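Number of protein chains: 2
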Amino acid sequence: MMKEKFFKYIQNLQDAITFALEKMDGKAVFKEDQWIRKEGGGGRTRVISNGNVFEKGGVNISKVYGPLPEAMQRYFGVEEADFFACGLSLVLHPVNPMVPTVHANWRYFEMYDKSGEKVKSWFGGGQDLTPYYLFDEDAKHFHQTCKNACDSHHPEFYKKYKKQCDDYFWNTHREEARGVGGLFFDRCSATQDFTMQHWYNFVTEVGDSFLEAYLPIVEKRRDLPFTKEQRDWQEIRRGRYVEFNLIHDKGTLFGLKTNGRIESILMSLPPHVQWHYNHSPKKGSEEARLIKVLQHPVEWVNF
Amino acid sequence: MMKEKFFKYIQNLQDAITFALEKMDGKAVFKEDQWIRKEGGGGRTRVISNGNVFEKGGVNISKVYGPLPEAMQRYFGVEEADFFACGLSLVLHPVNPMVPTVHANWRYFEMYDKSGEKVKSWFGGGQDLTPYYLFDEDAKHFHQTCKNACDSHHPEFYKKYKKQCDDYFWNTHREEARGVGGLFFDRCSATQDFTMQHWYNFVTEVGDSFLEAYLPIVEKRRDLPFTKEQRDWQEIRRGRYVEFNLIHDKGTLFGLKTNGRIESILMSLPPHVQWHYNHSPKKGSEEARLIKVLQHPVEWVNF
Chain A
28 MMKEKFFKYI QNLQDAITFA LEKMDGKAVF KEDQWIRKEG GGGRTRVISN GNVFEKGGVN
88 ISKVYGPLPE AMQRYFGVEE ADFFACGLSL VLHPVNPMVP TVHANWRYFE MYDKSGEKVK
148 SWFGGGQDLT PYYLFDEDAK HFHQTCKNAC DSHHPEFYKK YKKQCDDYFW NTHREEARGV
208 GGLFFDRCSA TQDFTMQHWY NFVTEVGDSF LEAYLPIVEK RRDLPFTKEQ RDWQEIRRGR
268 YVEFNLIHDK GTLFGLKTNG RIESILMSLP PHVQWHYNHS PKKGSEEARL IKVLQHPVEW
328 VNF
Chain B
28 MMKEKFFKYI QNLQDAITFA LEKMDGKAVF KEDQWIRKEG GGGRTRVISN GNVFEKGGVN
88 ISKVYGPLPE AMQRYFGVEE ADFFACGLSL VLHPVNPMVP TVHANWRYFE MYDKSGEKVK
148 SWFGGGQDLT PYYLFDEDAK HFHQTCKNAC DSHHPEFYKK YKKQCDDYFW NTHREEARGV
208 GGLFFDRCSA TQDFTMQHWY NFVTEVGDSF LEAYLPIVEK RRDLPFTKEQ RDWQEIRRGR
268 YVEFNLIHDK GTLFGLKTNG RIESILMSLP PHVQWHYNHS PKKGSEEARL IKVLQHPVEW
328 VNF
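Just so you know, the sequences run in chain order A and B. Residue numbers for the first sequence, in the working numbering: 28 to 330. Residue numbers for the second sequence, in the working numbering: 28 to 330.
Rather than coming from a laboratory, the hints here were simulated on the basis of the structure. Some hints could be false.
Repeated chains share a single entry, so a pair holds when one copy, or any two copies, can fit it.
With a straight-line cut-off of 25 Å between C-alpha atoms, the simulated BS3-like cross-links for lysine-lysine are [claimed, not checked]:
| hint | residue 1 | residue 2 |
| --- | --- | --- |
| 1 | Lys310 | Lys58 |
| 2 | Lys186 | Lys32 |
| 3 | Lys284 | Lys174 |
| 4 | Lys284 | Lys30 |
| 5 | Lys32 | Lys65 |
| 6 | Lys319 | Lys65 |
| 7 | Lys190 | Lys32 |
| 8 | Lys247 | Lys141 |
Values in this document were obtained by computation on a predicted structure and should not be read as measured data.
Could you build all of it, start to finish, from the sequences and the hints given here?
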């Protein structure tokens, strides 16, 4: 069954990712918490903190099921129903402002009618990069890896899901993107040509591309020197990350409304954050260039 | 006209409050920004930062009007309408974790039908205290001052609006209050016995009580010594403040949905904030006692 197959996949992927990140960090190790959701299901949260490279991060899996909560019924526009959802969510906040924050999520969802019949199922997910100092070659590498993962599944996927990522991670109240994007897809259901198995192949190839997309960037930037002012800038930009996650992010909302585990959901929030009134970077600075790019999403690779 | 009278009142109150706070701080002064809302109205934002006492704070007034934005139509359950709203909002984040954060807001709202006829008007507002270290006598003083401001207007007001404050500033996803409360009232409209002029008298007496409710606490605690660990605790608790404001606060939402000025709305966010995974204070500590009180709102004064 798809739900078991995909859950096994994300269990293994969690192991692979946490193993590789610990190796990259060289100091901190992941702390694991298993939790149970009283309405059905639970999760395995793995959090890293105060590392050489990673100041805070989580690589979490969860599997939740049971009656669809009322708030979610309204959201999906359905009556009483049962659901199943499982996925892997990760966010990494590096110490060094030259290393970008990264987020990824891969998930699978099923909905059932009163008789327990499956009426819908879909995949969703993606991965996206949030730099504090922008190295164009890093954004290109990340996007090229995303594109490579898409191309053998459908020639239009990269273009489509890159745009959806730019649209989704848009901080409407700031009129700027959260970061330089990547991929975002949702409600990926079977069609005549594209079965759930095809979607599974696609989503897992994206999942498998994560380490290749992110780790080379970390390796390249982790030991660059930085100043106190650059660190302040990182913490200010992290404030925008918090704003997006708490005001706009549907994943966070879904977690809060389905009575997920709060500490696992909010592991995405950065460890140290600053808000200053009306802060804006100096004209012509690297910080100002970043803002400009975030206001006008860029095509990082040719398609 | 009520709207002009109340707007004049909050203009003067802004002057009085910013004057008294500058005197208390002794170093930092308020920086003023006037802004215009293109759909109608604008505001006067006054922000203080890096003071002796106040690390960051804002005392803002605004007056906004025009067609009611669509999102607000849904919120109020009405069709197309015009509105007028004005108010004073303040949040103060002190440096010293022994000094509580305070928030207050007093506002007036009118709604008009297509012919421009006023169909509804109401007052709203309140003031509430968020300590990081709890001095019971401070909470009592704050509440007693709130109660005194209420009592000559209606014997039930304090009890009712104290409870509404506890209910409103409840971080549902954490199952704890944002702070130790105070007063919260909304949709205060005319009835047979209680005219808009009565409401005006009540709301302005609460507004006039603010400095008396807060400043003696600041005076008492501003020079207490504190450790790095106590400061960390303050920054962690400030994280809960951010969570409430961005996830639950209707005032923030109202500002964002009526195209208010983002930097004026988000001045409420603290300057330095921390999030750590699954942080919880030591058993029997002062920090643990605070959490317990926040989980079970207290009656601070007799009524």
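Query raised in the report: Which of the listed hints are broken here?
Result: 2, 3, 7 and 8
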